[in-house]
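Enquirer: Whole structure, please, built from the sequences with the hints as guidance.
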Amino acid sequence: MSPGGAVERARLRDFYDDYVAYLDEGDFDSWLDLFVEESEYRVVSRENFERGLPLATMRCDSRRMLADRIHTIRRTQTFAPRALRRFVSGIRPQRESDSGLEVRASFLVAESLGDEPTRVHLAGRYVDLVVSVDGALKFRRKVAVYDAPIIPISLIYPV
Amino acid sequence: MSPGGAVERARLRDFYDDYVAYLDEGDFDSWLDLFVEESEYRVVSRENFERGLPLATMRCDSRRMLADRIHTIRRTQTFAPRALRRFVSGIRPQRESDSGLEVRASFLVAESLGDEPTRVHLAGRYVDLVVSVDGALKFRRKVAVYDAPIIPISLIYPV
Amino acid sequence: MSPGGAVERARLRDFYDDYVAYLDEGDFDSWLDLFVEESEYRVVSRENFERGLPLATMRCDSRRMLADRIHTIRRTQTFAPRALRRFVSGIRPQRESDSGLEVRASFLVAESLGDEPTRVHLAGRYVDLVVSVDGALKFRRKVAVYDAPIIPISLIYPV
Numbered sequence: 281m282s283p284g285g286a287v288e289r290a291r292l293r294d295f296y297d298d299y300v301a302y303l304d305e306g307d308f309d310s311w312l313d314l315f316v317e318e319s320e321y322r323v324v325s326r327e328n329f330e331r332g333l334p335l336a337t338m339r340c341d342s343r344r345m346l347a348d349r350i351h352t353i354r355r356t357q358t359f360a361p362r363a364l365r366r367f368v369s370g371i372r373p374q375r376e377s378d379s380g381l382e383v384r385a386s387f388l389v390a391e392s393l394g395d396e397p398t399r400v401h402l403a404g405r406y407v408d409l410v411v412s413v414d415g416a417l418k419f420r421r422k423v424a425v426y427d428a429p430i431i432p433i434s435l436i437y438p439v
Numbered sequence: 281m282s283p284g285g286a287v288e289r290a291r292l293r294d295f296y297d298d299y300v301a302y303l304d305e306g307d308f309d310s311w312l313d314l315f316v317e318e319s320e321y322r323v324v325s326r327e328n329f330e331r332g333l334p335l336a337t338m339r340c341d342s343r344r345m346l347a348d349r350i351h352t353i354r355r356t357q358t359f360a361p362r363a364l365r366r367f368v369s370g371i372r373p374q375r376e377s378d379s380g381l382e383v384r385a386s387f388l389v390a391e392s393l394g395d396e397p398t399r400v401h402l403a404g405r406y407v408d409l410v411v412s413v414d415g416a417l418k419f420r421r422k423v424a425v426y427d428a429p430i431i432p433i434s435l436i437y438p439v
Numbered sequence: 281m282s283p284g285g286a287v288e289r290a291r292l293r294d295f296y297d298d299y300v301a302y303l304d305e306g307d308f309d310s311w312l313d314l315f316v317e318e319s320e321y322r323v324v325s326r327e328n329f330e331r332g333l334p335l336a337t338m339r340c341d342s343r344r345m346l347a348d349r350i351h352t353i354r355r356t357q358t359f360a361p362r363a364l365r366r367f368v369s370g371i372r373p374q375r376e377s378d379s380g381l382e383v384r385a386s387f388l389v390a391e392s393l394g395d396e397p398t399r400v401h402l403a404g405r406y407v408d409l410v411v412s413v414d415g416a417l418k419f420r421r422k423v424a425v426y427d428a429p430i431i432p433i434s435l436i437y438p439v
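Protein chains in written order, with this note's numbering: chain A, 281 to 439; chain B, 281 to 439; chain C, 281 to 439.
Be a bit skeptical, because a hint or two may be false.
[To be verified] To give an idea of the interface, some chain C residues facing chain B are shown, with a C-beta separation under 8 Å as derived from the structure:
no. : residue
1   : Arg-326
2   : Arg-372
3   : Arg-384
4   : Ser-386
5   : Ala-428
Source of the hints: derived by calculation from the structure; they are not laboratory data.
Virtual Cβ for every residue (Gly too), placed ideally from N, Cα, C.
Expert: The structure is reproduced here in structure tokens:
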């Protein structure tokens, strides 16, 4: 998986398009399948991320934990007509090491809630580690670092 | 047109980039050319879409109707300095059948109107049917399902 | 560099992803390297652009001027926790001439400032001229035309 090649970046783009499409459509099973078993998922504020603080708004240290989290979301979700749409830009492969390919990208989440107009929910960057398993790309690590302080209660769904 | 291949998804991405570029630039003739003659175009609220209600904010059952609609917009448009910018993410081929390839994607429209700051106009998802005609991709069906209730009067232009 | 080919558009997409990624990450050296020495960079309001007025919110007539500008930004920037995220859509090659390939695209910038929620900072279109130098794409001209009037003071960073 050479980070420089045009074909590989197109493949990365497909991978991130799948990621946001599954989340936007609420297809959490397919979304979970984009992570390896031994994976780390975190949503963290920029301030805590840059200070290296362990505090995270959402933290799962394996796919099993992530699956549990999704199970909880599904059981407790109210039927408030909330819709989230995720937009990704600037997908860029960085260093490649034995652990995988580090990838960064910018994200924006738009939220439509009840009768209010759609607004920007949050924006930030992904700091990810991507590996290839049997020819398919998967996340070994996915960290969503959001730029602005937000009320954690509103962060029910993964970013 | 195999939905899985990287090249094909890159081609779909080009197609959607053309679609939003033509609309953003107001090049409606090129935009109309992205639809087959026997095509369906709808802009519909999520609520009505999910309930299967026939109500639509905009509805055209052929390219000819769509062309008429554009003609009306062009004649009646005031010169209020309104600018719309469309952003697409999560472009994903779904089922392929004899009717074509079903494609879903998320969209966000930013609006700049008069002296006010730019804001999110609406967000939602496309539920489309894409066919290949003489080597060029075209829409047989394009449905823009927006997430939040909006004032129909502000929806003058296609999404 | 044939504008029509799928591979070439994927390559353009990589180029624009690099552009926004460098800016979002504050990697200005890599960003500057995306311009040829004799390049033009402008940020201009739609009104002034369409009237052909020379007024620009930011204007640099060479990469050296652009580097000076970046140097000034770096020296004078306060440590206010401002984060900008750029999103690009509708990347479309236009005419190709001896000067290079004209490319248009839509952009949206999201801003997170202090304790406030993330909001749309500005949106508009790029009107660019891209050339290939030793196999790498570079900007000979980059014009960011923003749609809404904004307060120039807030436009510290390039778009």
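Enquirer: Run every hint past the structure and note whether it holds.
Expert: Hint by hint, here is what the structure shows:
About 7 Å separates the beta-carbon of Arg-326 (chain C) from the nearest beta-carbon of chain B, less than 8 Å, and the hint is met. Interface restraint check: Arg-372 (chain C) against chain B, minimum CB-CB distance 4 Å, threshold 8 Å, status holds. Residue-level restraint check for Arg-384 (chain C) holds (minimum Cβ-Cβ distance to chain B is 7 Å; threshold 8 Å). Given the 8 Å rule on beta carbons, the hint for Ser-386 (chain C) holds: about 4 Å separates it from the nearest Cβ of chain B.
Given hint, Ala-428 (chain C) at the interface with chain B, holds; its Cβ is 4 Å from that chain's nearest Cβ, closer than 8 Å.
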